[in-house]
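Take these sequences, add in the hints, and give me the full structure.
Take a look at the letters that make up each chain.
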Amino acid sequence: MAGALEPQAQVNSGSGWLILRDLVLAAVVVILIWLGLGILRSETMLSGLGPFVGKLVQALVALAVGVVGIWALFIVVNSLVEYLPARATNAIRPFVFVLPAIAVVSLYLVFPAVGTIIQSFTEVPEGEGLLYNYAQAFSDPKLLLALRNNAIWLVLAPAGALLIGLTFAGLVDRIKREALAKIFIFLPLCISGAGAAVIWRFVYEWRPPGRPQIGILNAIVTLFGGDPIPWLQEIPTNTLALVVVMIWLQAGFAMVILSAAIKGVPTELVEAARIDGAGEFQTFVRVVLPSIRGSMITVFTTIAIAVLKVFDIVYVTTNGNFDTDVIANRMFNEMFRFRNFGFATALAVILFLAVVPIMVVNVRNLRQQGIGV
Amino acid sequence: MTAETASAGAAPSLANVSQDATRVPGEPKSRSWLVRALVLVIAVAWTVPTAGLLISSLRPEVDVSGTGWWTIFAHPFELTQFTVANYERVLTAEGLFGAFINSLIVTIPATVIPITLAAFAAYGFAWTRFRGRSFLFAIVVGLLVVPLQMSLVPLLRLYGNYDLVGTFVGVWLAHTGFGLPLAIYLLYNYISQLPKDIFESAYIDGATPFTAFTRLVLPLSFPAIASFAIFQFLWVWNDLLVSLVFLGTNPDVAVLTARVSQLVGSRGAAWHLLTAGAFVSMVVPLIVFLALQRFFVRGLLAGSVKG
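Taken in sequence, the protein lines are chains A and B.
If you use the numbering used here, the first sequence closes out at 374, no skipped numbers anywhere.
If you use the numbering used here, the second sequence closes out at 310, no skipped numbers anywhere.
Honestly, the hints are just simulated from the structure, not real lab data.
Check each hint, because a few of them may be wrong.
Unchecked claim - Heads up, incomplete: computed chain A residues facing chain B, CB under 8 Å, no partners named:
| id | residue |
| --- | --- |
| 1 | Arg88 |
| 2 | Ala89 |
| 3 | Ala92 |
| 4 | Ile217 |
| 5 | Met297 |
| 6 | Met332 |
What the hints assert, rightly or not - Anything over 10 Å on all C-beta distances counts as not near chain A; from chain B, calculated:
| id | residue |
| --- | --- |
| 7 | Glu64 |
| 8 | Pro79 |
| 9 | Phe85 |
| 10 | Thr86 |
| 11 | Arg160 |
| 12 | Asp166 |
| 13 | Leu219 |
| 14 | Pro222 |
Every residue gets a Cβ at the ideal spot worked out from N, C-alpha and C, and that includes glycine.
Encoded structure:
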């Protein structure tokens, strides 16, 4: 924590006019923000401008309210606070800085999360007990299947990304044009799950035997004389095929973190190992790997959390059909397809409970590395 | 453990991250063909899926459905085999141009607003002292753990009551709320590391905490702000879940990811359109990413836990 400093008390040789001016300014700012929000909310006001211009105006108003408005609010509130006695000023001012963010976070995360937990117990059919949604969840074979799939993802995706990322980081460290080579692994990191889903659906595209295969994977299979495989329909290949998409997306993240860690291994350690006669590979396994253990845990846990919440890849490729469902996709379908909100909240809580232990490992590991929270 | 602190210790300050090759010290640049071959194999394997998409998006419908995209390499310089017709079609008839505009309209405010709020808050947590500071900050950090799925149902109901479902305001605020904990956390890590002396001398010169924030903290925090901005921009642009839940698939407001996923549902076999559509949705992140890679890498190293 950074030490706090007490600024010198400001002396506002307070003329009443100045206070009045600032009060009026404050009122004006609040009214303008209110008007801006009104414009944003009203559809009729902007529809006369045509769809395109209307949207553009809306976005500009949003930026004005969101940036200029917030700034103006901070400025006027801050100047008003300074008219208070010095002690009160110093006591209240910090809240001017933190409260707006705290308010938004409370509204969007704290209260809804509490609400979700409560509703998961209370939103049950007439006459059912508090645990109804959970009992339903754990007796639903399709949901158990989704949980099993999440477990498969949880083991394979982080491990696969870690392995590829580590291999690549270790190898690329010793070639020229390192930065260029890295870009190729790194690039998928900026591709959306939906985009990746389309890319890989195309890779996995299946045509009946005898017809030309336009998916590259089945083209390779048939080239070697095999029968084309319906990668996304065949159980259990399809879940593995989806995990590959996740590995493809996340390997770049693993590589970046691990590459930085490898470069941080002290020269003396590596040199000492080499002088003792260890080969390149042995040095890597015996010296470099143990010293980057913390970074490896970071990579694994971070990807594991992303994997537990995975939604878009599954939603766009199979939408959970053919036994590929995962919990986040099921939750979405419970909400929108079945309007089954009580059940959806129970699924959210299950997801949350699965994430927490991994996050604890993650944070504890970061602390050990000196990234204290 | 020294290695850990060297690599990870650099992270919170968001500084000293060099992208350049400094290989394992003491090792000569290996000329081993095996190393190079392995690097090449992985790099090719990682690029082929995207390359296939891009090439197919430029081929006429009959070619895409009739032959594999790799067949163009038989005569790669024959430009007549390429066409931009698929792009014309998805941008106009399939409505992706509108979705593109919607994505921009959603993403820019949803990036700028959280940064503004987070910068104020991070400064407040780092450099002012008040009752409940540790408690409030612990809550913000603790919220990094909470999957945004935990918020969806109650928020959706709240939005229903206030007619916010399907509006840009609703989705801007949602992305702001979901992005704030990480934004505050990252900016706090950076801002709290600024040297104490600069604040002391500023206060002696009569600065208020507010002027110290605007004149000192904001300019000095530019690298951290840029990192988070890129992070949030890519996150919002690529998001499907939040936009499906709060914005929906109405063409007036639907963003690119939502339209592309709809296209998969309605035209799952029309690969000439799907490939072009997917590429339209990827082009902005690719440009942002390639142009601002350094900041992005810093952001990644500083922490990548997100709702």
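These are the hints, each one checked on the structure:
no. : hint   : result
1   : Arg88  : violated (12 Å)
2   : Ala89  : violated (12 Å)
3   : Ala92  : holds (7 Å)
4   : Ile217 : holds (6 Å)
5   : Met297 : violated (10 Å)
6   : Met332 : holds (6 Å)
7   : Glu64  : holds (12 Å)
8   : Pro79  : holds (17 Å)
9   : Phe85  : holds (17 Å)
10  : Thr86  : holds (17 Å)
11  : Arg160 : violated (8 Å)
12  : Asp166 : violated (8 Å)
13  : Leu219 : holds (12 Å)
14  : Pro222 : holds (15 Å)
Going through the hint list in order, the structure does not satisfy hints 1, 2, 5, 11 and 12.
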